[in-house]
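Take the given structure of chain A and dock chains B, C and D with the ligands to it, following the hints.
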Amino acid sequence: MDSLRELYQEVILDHGKNPRNFTTPDNATNKALGNNPLCGDQLTVYLKVDSGFVEDVSFIGHGCAISIASASMMTEFIKGKSEDEIKQIFNKFHEMCTDEGIDKGSIEELEKLQVLSGVREYPTRVKCATLPWHTLLAALAGEKEVTTE
Amino acid sequence: MDSLRELYQEVILDHGKNPRNFTTPDNATNKALGNNPLCGDQLTVYLKVDSGFVEDVSFIGHGCAISIASASMMTEFIKGKSEDEIKQIFNKFHEMCTDEGIDKGSIEELEKLQVLSGVREYPTRVKCATLPWHTLLAALAGEKEVTTE
Amino acid sequence: MMSLRTDKDEKYTFNVDNVRKDFPIFKESMNGQPLVFLDTAASAQKPNQVIDSITEIYKTEYANVHRGLYKISETLTAKYEGVREIISDYINAEHTSEIIFTRNATESINLVARSFGKSFLKENDEIILSELEHHANIVPWQMLREEIGVIIKIAPINDEGEFIIDEFEKLLCNRTKLVAISHMSNVLGSILPVKEITRLSQAVGAKVLIDGCQAITHLPVDVQKIGCDFYVFSGHKLYGPSGVGVLYAREELLEMMPPFMGGGDMISAVTFEESTWAKIPHKFEAGTPAIVQVIGLGVAIEYLKSLGLEDIRKYEKTILDYATQKLLDIEGLRLIGTAEDKASVLSFTLDFAHPHDVATIIDGAGVAVRAGHHCAQPLMNRMNVAATVRASLGLYNTEEDIDRLVSSLHNVSEIFN
Amino acid sequence: MMSLRTDKDEKYTFNVDNVRKDFPIFKESMNGQPLVFLDTAASAQKPNQVIDSITEIYKTEYANVHRGLYKISETLTAKYEGVREIISDYINAEHTSEIIFTRNATESINLVARSFGKSFLKENDEIILSELEHHANIVPWQMLREEIGVIIKIAPINDEGEFIIDEFEKLLCNRTKLVAISHMSNVLGSILPVKEITRLSQAVGAKVLIDGCQAITHLPVDVQKIGCDFYVFSGHKLYGPSGVGVLYAREELLEMMPPFMGGGDMISAVTFEESTWAKIPHKFEAGTPAIVQVIGLGVAIEYLKSLGLEDIRKYEKTILDYATQKLLDIEGLRLIGTAEDKASVLSFTLDFAHPHDVATIIDGAGVAVRAGHHCAQPLMNRMNVAATVRASLGLYNTEEDIDRLVSSLHNVSEIFN
Ligand SMILES: Cc1ncc(COP(=O)(O)O)c(C=O)c1O
Ligand SMILES: Cc1ncc(COP(=O)(O)O)c(C=O)c1O
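Chains as they are written, first to last, in the working numbering: chain A, 8 to 156; chain B, 8 to 156; chain C, 39 to 455; chain D, 39 to 455.
No lab work stands behind these hints, which were simulated from the structure alone.
Any given hint could be a false lead.
[As the list claims (entries may be wrong)] To give a feel for the contact side, a few chain D residues facing chain A, derived at Cβ under 8 angstroms:
1. R105
2. L107
3. E112
4. S306
5. A307
Just so it is clear, CB atoms sit at the ideal spot from N, CA and C, and this is done for glycine as well.
Looking at chain A on its own, in the form it has when it is part of the complex:
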C-alpha cells in the first residue's frame, strides 16, 4: 500500500475530484484532443497563446484520477509561461515520470508537480500522467489530435 499512498496523495485526489481550469473557453487560439486508447481517457486542452506566451489554459474531458489531476495541475503550472519554458518543463516532467534513477534535485523546478512522481512505480500509468502534457504540446504545435499508446 505504501507506493499506492505515494501514487494517490491527497493533492492528487483533490485535483482529481475538483479539477482546476476545467472549462471550455471561447477565446482559445489553440486546442488539441488527447486520446489514450488503452483506457479510453480523452482530454481536450485549450490555450490562448499570445506572442509565444500561454496567457490562458484550460481543459475538459474524462479520465482516471491521475490523468485528471495531472491535467489540472498542469494548467495551474504553465499559465503565463513561454512556449520554450513549457517544452523544457515537459521534458523534465517526462523524465520524472519514467526515469527511475532521476536525481531529486534536478526536478525541483517542477515544484508541486513532483507529487506525480509516484507513477514511476506503475509503468502502465505513466501514460495517464503524461497524456495532458502530450496534448498540451500538440496544441502548441497546432496539431488537432494526439494518441498515446
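The following block gives chains B, C and D with the ligands in isolation, referenced to the frame of chain A:
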C-alpha cells in the same frame, strides 16, 4: 528389421523392379490418373472393359517400390474379372491394408496380394499400396483423376 | 476454501480445492499477496495437465507433422489430427474435417470474412452484428465493407445487456446474407439466444457466424443444435495454450470457400502455372501449424471433460451468484450487465473512482481484474460508460477470491472517500 | 562423439556434446535405436532453455498481454515486447517496430502479398520468383495473380542449384514491382546472393522480399546490409516453439500498408461507423498473440547467441563437409544440389530405391530424414526428379549421426540389391 523384411518381401521387390503389364495400350476403353501428392507418386491405369468385364489392364507411372509392386500385382490379379468382383476385391484389399485386427482367413481370396499386408505396420505407406486400386476404381467409374492424401 | 455440497442423490464431484491444485499459478503471489485471478475472460490459466503435455512433447516427441516418414513425425501427426476429433466431439460437429486450426478466434473470423465474405457477398448485401460485439467481430466486417461495399446493421441490446430478438427480427430481410453474433458477451456476461437467432437468420437465407470465445469456456456448445454455419473460439480462453484458435464451419461451406492463405500443406499440387488445393480441412491450414499448441488444446478439453462439464457449469454459477450479491452490497457500485441469462463475467463501475484507478489499487492487494473498454468500444458507448472494471471467473475461482475482491474494493473506497 | 579442435589462438568454444545435453530429445530412441534426427530443415528440436521457459511462464507468470493493469500482465507484456528487441538485434533491423509476429513464415508472406501486394501492385505488374522457391513463396503470389492479374516470372537456377544472377538481371525491368526469393534453399542448401539480388531489384524500383526460413538457422542475417524490404522466417526452425513466425519489414512500408486482419489490439478506436488503426507493429497483430511462443522464440535466440553464432556456423560447416564426402562414397547415390555456396541440407536420390522406401527403411534404424518434394514441386521438376531424400542438419548433429545415416543407407542397398 523384421517388419521391414515383411514389408519388402522378395515378391514385392521383384514386382517393384520389373513391373508386369507396364505399358500404354492403344485400345483402352477407360483410363485414370492417380496422384499421391504426399510423395509425388503418379500412376495411370488403362482398362479395356467389355460388357462389365475387364478384358485387359495395364499401367504406367512412377512411384515407390510398394506402389509399383501393388499396381503390377493388381493388373495380374484382376484381369478377366467382372466389375463387381473387382469392387469386392478392392474392399478386401483395403481392409487388409488398414485393419490391424483382420482375420487371416477372411483375406485368403486375395491370394498372393496378401504379401502387401505388411503395410499395415506403416500407416503412411498404406496410401502407396492402395493408390493403384483407387485409380482402378476411378477408371472403372469413368473418372479421369483421383488424388489420395 | 470451499467445495460444493449438494443433495446426496445428485452425483456431484467437483471439488475446487483439488482443481486449484492442478493450476500451479495459484502457488504464486502478486505484489506480496496470494494471487486472486479474475481475468479469465481475457485469458485463462493452464492446468498442469496442459503444461506437462507441452513439456513432454518438446522433450520426447517433437517433429514437424504431415509428410514426415519417420516414427516420431507419424506419431505426432496422429496426435495433432486427433485433436480435430476431440474438438468436433466437444462442440458436436458432424465431421472432423469441419474443424480448422487458426491462431485465435480473431483469425477465425478474418478467415470467414475474407474467404466466405469476399467470395459470396457483394455490394449492398447486409451483415448484421449486435451492439455487444468484441472488436474481433466488428473490424473484419468493416474491412470487408471497405473492400466490397456490404452494409453493416446493428442489432440492439436493452439496458440490462440482453439481445432484443424482436428488434433483430425487424432487421432481417432478403438482403441479409450474414449474421455474426456473440454467443456470450465478454463484458456483460449476457448469453444470447443463438439458436433462435440462427433459425430466424437462416429463414431469410442468411448464414450465421457465432463468436463463441466466451461461451466455449462456460456453456455447453452444440453446433448442430444451434444450427449455425460458423462457430469460432480461442484455445487460450479454454485453459489451453496461447497461439491456437478454432474455426468450425459446415463442410458444405468449407468445400465452396477458397483458401485463406497459400503455402505448404494446403496444396495438392503446385506448378508455376497453377496450384490445386488440398482437401478440407487442410486447404485452410497453410504452413507449419501450431503443432504443440493444438495438441495442448486437446489436452485442455480432455481435462475439462474429466472434471465433468455439467459440474463445472453448476459450480461456476454458484460463484457468479455469490459475487453478484457481494458486489451489489458495495455502495456506489453499478453493475453493468444484468441479463437474466448470464455467466461468469461481472462488469462494474464505482461512482467514486475511475476503473483504471480501481485496477491499479486492487492489483496492490493481489487481485487481477481488467479495466477499460475490453475491446468492445461500441458497447461502452451503448452502456454510456467510458470504461468498466471487469472481474471474470474461471472454474478455479472461489468465494474467498470474491471476498478478497470485495475487501480490496473497500481499500479503493478508503483512498477515494 | 566429437568436439571440434581448432588453432589454439582462435577462441572456439563450441562443444557439441554439451550442446546435445541441452536437447532432451536426444535421450529418446526411435524404433529401438537412439534417435538420429536429420530433419531440422522441416522443424528443429528445442533446447531445455526454451522448453523450461515455456513451462515457467505457464506455471508462474501467465496472463494475457497488453491492456492488463495488474502486475503479472504488465510483466509478461514487457517480456513479449522485449522479444522484438532480441529479434531486431539478431537480424539487425533499424527499429523494433519493424518486427511483426505471425504464426509462421507462410503467414508472413501471405501478409505481404495481401497487405502490400494487393494495395501497391496492379494488373500486369511483374513479380519475380526463383525456380527453387518453397510453396510458401509461390502460392501466395499465385493467389494475388488470381485476384489482381500480376505477372509472375521465374528466375532460373543452374544444374548445381545455383541462382543465375545474369539470367535474373534479364528479367528485371521497370514493370518489376516485387522480387520474392529464398535466402537459402530448403531442398538444395544453396545460398542465394540476396544482397546482389536486392541491389539489382531496387535499381529498377522493385521491392524485395527474402524468405529466410532456412537461412536464419544457419547464416548470419543482417537485413540492413542485405537492404531488403521484407524478410520472413519461422520460429520453429530456429529452435523455438511451434506457432510463431516473424515478418521484418521496413518501417516506411509498414506505415503505408493497410492491416492484414482486423480485431482487438490492432485498433486505436472503434465505432460501428469507422475504426482507426493502432501504430506499427501492433497494426499487424490482431487478437491475442502467440504470447508464450513469442517469448520462447526470444529464449531460443538468446540460447544461440550464448553458444556463439560464428562458432555454430563453423561447426555446422564441418559436419556438412563430412556428410557430403561420406554420401558421395555411396554407390548409386546422386547428390541433388551441389552449389558452391551451400549450407546444412543434403538432398539425394539412390538409383536403386525410391526416396519413400529409403525413408521408411532407415526410419527402422532410428534415422529421421524427409522424403518427397519438400514443398518445392517446381524445383523437383527443374531438377528432373519426382522426389528426393533430404537429410538436413542442425547444430546438434555429429559425425556419428552421419555415420549412422550412411550405414542405414547400406541397409537399403542390402534390401534392394
Ligand atoms: C524456404 C522455406 N520457406 C518457407 C517455409 C514455410 O515455413 P512454415 O511452414 O513454417 O510457414 C519453409 C519451411 O517449410 C522453408 O523451408
Ligand atoms: C467475445 C470475444 N470475441 C473475440 C475475442 C478475441 O479473441 P482472441 O483475442 O483470442 O482472438 C474475445 C477475447 O478477447 C472475446 O471475448
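Status of the hints after comparison with the structure:
| no. | hint | in the structure |
| --- | --- | --- |
| 1 | R105 | 6 angstroms, holds |
| 2 | L107 | 6 angstroms, holds |
| 3 | E112 | 6 angstroms, holds |
| 4 | S306 | 5 angstroms, holds |
| 5 | A307 | 6 angstroms, holds |
In this structure, every one of the numbered hints holds.
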